[in-house]
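Chains as they are written, first to last, in UniProt numbering: chain H, 1 to 467; chain E, 1 to 467.
Note that these hints are calculated values from the structure, not bench results.
Just to be clear, a hint being listed does not mean it is correct.
Note that the list lumps identical chains together, so a pair holds whenever it fits in one copy or between two copies.
[Said to hold, decoys possible] Below, computed lysine to aspartate or glutamate pairings styled on DMTMM-like, alpha-carbon distance capped at 20 angstroms: (1) K250 - E291; (2) K277 - D290; (3) K208 - E152; (4) K457 - D150; (5) K208 - D151; (6) K277 - D156; (7) K208 - E111; (8) K128 - D36; (9) K128 - D180; (10) K5 - D356; (11) K457 - E187; (12) K196 - E325; (13) K4 - E292; (14) K196 - E72; (15) K277 - D28; (16) K296 - D384; (17) K4 - E431; (18) K265 - D180; (19) K196 - D452; (20) K208 - D150; (21) K4 - D386.
As the structure is a prediction and not an experimental result, all values here were calculated from the model.
There are 2 protein chains.
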Amino acid sequence: MTLKKLHVNLFEMNCVSHITHGLWVHPDNNRHRFNDLDYWTELAQLLEAGGFDAVFLADVIGTYDVFRNGPETALREGMQIPSNDPMLVIPAMAAVTRHLGFGVTFSTTYEPPFAFARRMSTLDHLTKGRVGWNIVTSYLPNAARNFGHDDEVRHDQRYEIADEYLDVLYKLWEGSWDDDAVVQDRENRVYTDPTKVRYIDHVGDYYKVAGPHLCQPSRQRTPVLFQATGSPAGIEFAGRHAEVVFTGGKSHETIRRNIQTMRDKAVAHGREPDSIKFVVMASIITGRTDEEVAQKLHAYGQLLSVEGSMAHFQLPVDLLAYPREEVVANIIRRERLASLFLDYFPPDETVGQALDRMGSLDQGYFFVAGTPQVVADRIEQWLDEDGIDGINLRQFMSFETARDFIELVVPELRRRGRYRHAYEPGETLRERLFGAGQAKLPGNHFASRYRDPQALKQPAAPLRFDG
Amino acid sequence: MTLKKLHVNLFEMNCVSHITHGLWVHPDNNRHRFNDLDYWTELAQLLEAGGFDAVFLADVIGTYDVFRNGPETALREGMQIPSNDPMLVIPAMAAVTRHLGFGVTFSTTYEPPFAFARRMSTLDHLTKGRVGWNIVTSYLPNAARNFGHDDEVRHDQRYEIADEYLDVLYKLWEGSWDDDAVVQDRENRVYTDPTKVRYIDHVGDYYKVAGPHLCQPSRQRTPVLFQATGSPAGIEFAGRHAEVVFTGGKSHETIRRNIQTMRDKAVAHGREPDSIKFVVMASIITGRTDEEVAQKLHAYGQLLSVEGSMAHFQLPVDLLAYPREEVVANIIRRERLASLFLDYFPPDETVGQALDRMGSLDQGYFFVAGTPQVVADRIEQWLDEDGIDGINLRQFMSFETARDFIELVVPELRRRGRYRHAYEPGETLRERLFGAGQAKLPGNHFASRYRDPQALKQPAAPLRFDG
């Protein structure tokens, strides 16, 4: 039996404080260098030397200004503001690497699909097929106000928009140019055979796009499609579209169930059960000895900012203003806060317990602190028992978190046959995930219908989001 | 008296055939490599070694499909299709250079200002202040149809939109963050002083944008503002906004007049007469001997595609279908073509003469072919008599055109004191154009009003475009 190998992406964001708030102040942390090109080129070279699949870039297009009724906490903490565009660091990282993949987050809600399609095709060309796209539908109220809206678009409607957005993208990426359209025939002075390129003439509820796509076909055509799910609408959407799903869960059972739900949904959409890979955010703190691990836990833990976490969580009350022994659920009911906050706080949790939990390094099931053997044991359990395929490595310190993983955990995983020894030369990101010859979306993925030019004339049935 | 030095940008586009159609087939031309990252990194290193000010990237966001009622000619010729996003090659070029500037074309008509503001600030950070923006308002009918419109937005309305677009950008770039907002105070755990960052709360006729800007202040804040003018609306717009104007003219007199008109307009907007630099597109073919020049003229000339030019020019008739001796103006009147075509063809020009002219290397006043001495004589005349400040070097061959200029013309210009000998370490693109200490827009530029937070609350008077 071949052992399942771990896929590893570094979880990054083009900002000071992404998800481990407060740690930017550590003197060895490089996060304050995010505005500098050499931060990104050094990081890319480190990750490629360590055999990472990809660097995965989160993004938001607004500010967290719900907590304490303003952006002050986010600004003070450097919490996802300032933050720069994530796409623009990819070409620089691509210029100094040959194999590392790049996942980039982009929202379907506020920017036109034609321009985005071209940007992703450009990245796929420049990287020779090393890009993936994390599909999101924006959730910050401030993001809506940055793009002309008064309020956020309703959740299910955001998915309707996203579904049509992808329909447009697929027509451009998969249907507008044939594989053999570009002939580069110097003798007859023909760069492209015009009979193999076409308008898409998309007319839908939200978009009207003529085409043709401006880019010739790239290695992957459609970038690898990543998505985080949770809601019924999100699961329906992922069933049709996603190739890599970010999942999670608080227990072995919930994780297995979440994965099975998604596989069933993919099958319902005519796809193979293993056409989706499952990735979780993992927090890993390691060291050569237990003492070194304990030192790191202490050093990181004492810097964590609970205020940063409350602002990130968009909490409409400041728990620091309440007595530690009060029960959070009572505050939520008394202040008439949205019921979703009741899901986040266990019924009996006190303010003190909640603050301690939010200020803790341990953010749930996929947390492990220990020597490389302990970490590798746990990772094997995640792979074999929980059924995940890979991790987004949460960074406490850059570059220390990635370097520790590469220097300590990777050799141990390799000894156990759980981590690749080298990249396959010239492979695309999709091939790295799904195997040689799989550079493009498989034939049973929804998008592949547009490889038949006739399909461009037949509107696809939009997904229904009744959930 | 100090001699005026020449500013030089390479005129580029992320495509096969930009403005010298047909020449991509030459065996020594590298244009077919535009999809590859190393095309751009090699080019950038060549230009920096030659002391160029910048590489200047043109762009369109649609296809030329008027000529022969379809995109076939453009596709066959590789004429600006396929074409990739221009912004995304900049970070790769920045990663392998330290001084070279980057000008990028972006249209204000179809994409939201908030996202564009962030992308340009990101580029300004990554390049440490080496970026400029060529402001355009899109003119291809197909571009409109790629972004949900049935027809192009009316010309003067495009400028109204652009004027408000820049108002939004200036508020984000100049007004949203104070210079000293980012404190990086590790001891007190403060990355940004929240009292020095603000919402912009822009509400106008076309845009509604809350802010704050997501990026901290970059070296230049506002990128260097480039614009091509011609129409009365364009001149009015440039008077308020532009720092570098692409100009031209068919004679010494028209060039001087165009420059003077622009300087007067800048003064009418409260700016200094020399607050605008003037750049023309120049065609330069050079060689070590007259014979070498003649060989290049012949080799390039016989490859030029007149069909590519007709498609580029969006000509609604195919002149190749008419007798060579027929007068073009008569065809234009008979076929009831737009009167603007009458401006392009002299009253008596025959079809044969027009085809020869469109298929000629010599595209007007700023064309010179000769040994370096001949070229340098002509450049000195452009600088001193015509009053220009720089050129966008038109490429016949990449990299041959740039390499010839660097190896042959630059040494001759340096001997004459007409070309800088070295870059100033750490200077921004704006400082290179306007002098040390001028990294940001000057205090009498319209945008500078937003450095006073109170100005964000007082709507600026929009420009009037009655022309």
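Structure-based check of each hint:
Taking the closest pair of Cα atoms, K250 and E291 never come within 20 angstroms of each other, the shortest separation being 28 angstroms inside a single copy and 79 angstroms across copies. In this homomeric assembly, K277 and D290 never come within 20 angstroms of each other (Cα to Cα): the closest approach is 33 angstroms inside a single copy and 65 angstroms across copies. In this homomeric assembly, K208 and E152 come within 20 angstroms of each other (Cα to Cα) only across copies, at 14 angstroms, whereas the closest approach inside a single copy is 22 angstroms. Proximity of K457 to D150 under the C-alpha cut-off of 20 angstroms is restricted to the inter-copy arrangement: shortest distance 19 angstroms between copies versus 36 angstroms within a copy.
In this assembly of identical chains, the alpha carbons of K208 and D151 lie at most 20 angstroms apart only when taken from different copies (12 angstroms versus 24 angstroms within one copy). In this homomeric assembly, K277 and D156 never come within 20 angstroms of each other (Cα to Cα): the closest approach is 24 angstroms inside a single copy and 51 angstroms across copies. Taking CA atoms no more than 20 angstroms apart as the test, K208 paired with E111 passes in both settings, with 13 angstroms inside one copy and 15 angstroms between copies. Taking CA atoms no more than 20 angstroms apart as the test, K128 paired with D36 passes between copies only; the shortest distance there is 8 angstroms, against 24 angstroms inside one copy.
For the identical chains of this complex, K128 and D180 are intra-copy neighbours only, at 17 angstroms inside a copy versus 41 angstroms across copies, given an alpha-carbon limit of 20 angstroms. In the homo-oligomer, the alpha carbons of K5 and D356 never lie at most 20 angstroms apart, since the shortest distance is 35 angstroms inside one protomer and 65 angstroms across protomers. In this assembly of identical chains, K457 and E187 lie within 20 angstroms of each other by CA distance neither inside one copy nor across copies; the values are 35 angstroms within and 62 angstroms between. Proximity of K196 and E325 under a CA criterion of 20 angstroms is satisfied in neither setting, with 70 angstroms inside one chain copy and 36 angstroms between copies.
Neither within a single protomer nor between protomers do K4 and E292 lie at most 20 angstroms apart by alpha-carbon distance, with minima of 29 angstroms and 64 angstroms respectively. Only between protomers do K196 and E72 lie at most 20 angstroms apart by alpha-carbon distance; the minimum there is 10 angstroms, versus 54 angstroms within a single protomer. Proximity of K277 to D28 under the C-alpha cut-off of 20 angstroms is found in neither arrangement, the shortest distances being 34 angstroms within a copy and 45 angstroms between copies. Taking CA atoms no more than 20 angstroms apart as the test, K296 paired with D384 passes in neither setting, with 28 angstroms inside one copy and 67 angstroms between copies.
In this homomeric assembly, K4 and E431 come within 20 angstroms of each other (Cα to Cα) only inside a single copy, at 16 angstroms, whereas the closest approach across copies is 56 angstroms. For a Cα distance limit of 20 angstroms, the shortest separation of K265 from D180 qualifies neither inside one copy, at 34 angstroms, nor across copies, at 52 angstroms. Taking the shortest alpha-carbon separations for K196 and D452, only the intra-copy value of 12 angstroms comes in at or below 20 angstroms, while the best inter-copy value is 55 angstroms. For the homomeric pair K208 and D150, the shortest alpha-carbon distance between copies (9 angstroms) is at most 20 angstroms, but the shortest distance inside one copy (24 angstroms) is not.
In this homomeric assembly, K4 and D386 come within 20 angstroms of each other (Cα to Cα) only inside a single copy, at 12 angstroms, whereas the closest approach across copies is 71 angstroms.
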